[in-house]
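So the protein sequences, as listed, match chains Z and B.
First residue of the first sequence: 0, per numbering that gives the first Met the number 0; consecutive thereafter.
First residue of the second sequence: 0, per numbering that gives the first Met the number 0; consecutive thereafter.
A hint or two may mislead.
Said to hold, decoys possible - Straight-line alpha carbon distances no greater than 27 Å define the calculated BS3-like cross-link-like pairs of lysine-lysine that follow:
id : chain 1 : residue 1 : chain 2 : residue 2
1  : B       : K41       : B       : K150
2  : Z       : K193      : B       : K76
3  : B       : K76       : B       : K105
4  : Z       : K193      : B       : K68
To be clear, the hints were calculated from the coordinates, so they are not data collected in a lab.
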Amino acid sequence: MFMFTLLALFSIGLLAEDGVGVGDRAPEFNLLNIDGNHVSLSDYDNARGVVVIFSCNHCPYVVAYEDRMIELHNEYAPQGFPVIAINPNDSIVVPADSYTKMIERAEEKNFPFDYILDADQTIFPQYGATRTPHVYLLENKGDHFEVAYIGAIDDNYRDAEAVEEPYLANAIEAIMAGERPDPEFTRAIGCTIKVQDE
Amino acid sequence: MKKLFLVYIVTFFFITPALKANSANDEIAIMDFDTFSPMLEKEDEYTYVINFWATWCAPCVREIPYFEKLHENYKDKNLRVILVSLDNPDHLDSRVIPFIENHNLKSEIILLDDVSANRWIPLVSEEWSGAIPATVIYNNSFRGFYEKEFKYDELEEIVLPLL
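The shape of chain B in the complex, shown without the other chains (with noise of 0.2 Å):
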């Protein structure tokens, strides 16, 4: 019995920290716009799609491999992918990142935790309504915002010109 709860406690103190260390957690950034609006305006050699997302977003979580494959196939061609997730802050660990590593999603994840979408929601583009899914491409000449579920197809057919 007391080898046992020995081994709870090793287990409890030792492995479940190290566990945690190694999830999804620590790769997710949460960030008010403030921090994350930067960016929406990197002048770099990169491309820069970024998809607004939340794991309740049906037609969302529809396209998310299309975005998943657009990383897959051009990362190394200076693609640069980041899915901001809108889920509620508080559903980081109970939705968020075991919809992440169910889905064994590559991209770069942010968790945008900023209630004032009123003001932040024009900032990224004047276009959009607030709906999501939601996207914004760009890159040092082309600048785009589509307020729509995207097809693999689709995404290719604008991104390809730009890289």
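One chain only, chain Z, in its complex shape (with noise of 0.2 Å):
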């Protein structure tokens, strides 16, 4: 019995470490918008789904991407999935990841979409997010957001125009056929996020 509860304790400390799966229940968030004001997924309640996008400034894995995350929320934020981006970063550790900057990139590009700041970092731990860009498809549920799909945007940072699987683009549209996103879960170089040192 002792063995059982440690085993549990220790299960669900690695759950706790290891952030959602594909199938577990969306964390919620409210955080601060670069409008001003505050968005939590529940304001999406009428969504089809969201794409969660871990990203940032200065990241050039982000960098190489934004273009793509513009044309993907102007895609299919029609269909019903917005793109929200979350900015996990400490802005102690990577300046250039500040709110001000975050306001000044999303002027610059013309983002469509949100770019909020997890500016307590405890979004992100709990999506287990651990790099710039990392993608997080949620479902609605109903009373829910269920993650679809985690991972990569695509299968070439480098050139658009050379992708051969646009994994995110895919697990949309799989969903929205009704389907379960093929993979559901791919890995791709991106930044780690950036906390101070304990």
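Hey, can you piece these two chains together into the complex? The hints should help.
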């Protein structure tokens, strides 16, 4: 019994550390947007799903994907799948990722999507995000959002024209067709999420 | 004027290539993952420290001196440090080589040119989410994977018992 409790505790610990997986309920958030308002997942109750992308200003991999993030939003927001970019980085560690700089970058690039700041760095660990960009595609299940796909935007960060598998777009299309995304989990090189040393 | 032109020609055709031949460029192998992957599976007397980095990655740049120090201290004790750059190959001459020269890097350096990261990241380690810096340390009897920024003492603590 003691062993079982230990095992159970250990499993809970692992889950907490690893964040959510595909099929799990998506953690709620309420974070400051670049327009000065707070944005919650529940604000998107009318959407069929939400494309949460842990993102930032400074990371070259994010920069390589900014135009594609804009295109994805413009393509899929009208079909019920808007993008929400969440900046999880500590701005003392990376001044280029401060709230003010987020506003500047959003204006430069004319971001059509919400760009919110995980200022307390409490949301990205709940999702288990480890890098930027890191995508969590969420499906609206009526009373909650469920994680449907985790990973990369596509298979070629360097050249959008040379993409062979647009993983995220395929995953959205799959959900719209009533199917499960395949693959439902991919990996990509990215920048670490920046936290202060303890 | 003619003389000056001649000097220019001589400089351009003889000295420039000579300089280039001596630059770090020749020492950096650009390879795709399948060419690189045998380095992750060596079965010899060496302990391998393989660090994935990029010039634009601040935590990577911070820890590189520690890998260099490790290389310097233990290169004669069967340790091989390999720094695997994930920079865009288009930036080899403009960023990677200047970085190597400015920091006077002595470790072996490879530029991994392979965009199919979803395929090869789990082949490096199932534990790797893809964030850098990331490091593999292995030999015949040990294998460790670390998705983190190292301090020198932490590296030594892992490597010393393996030498």
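Query - Structure versus earlier hints, numbers of those that do not hold, lowest first - result: 2
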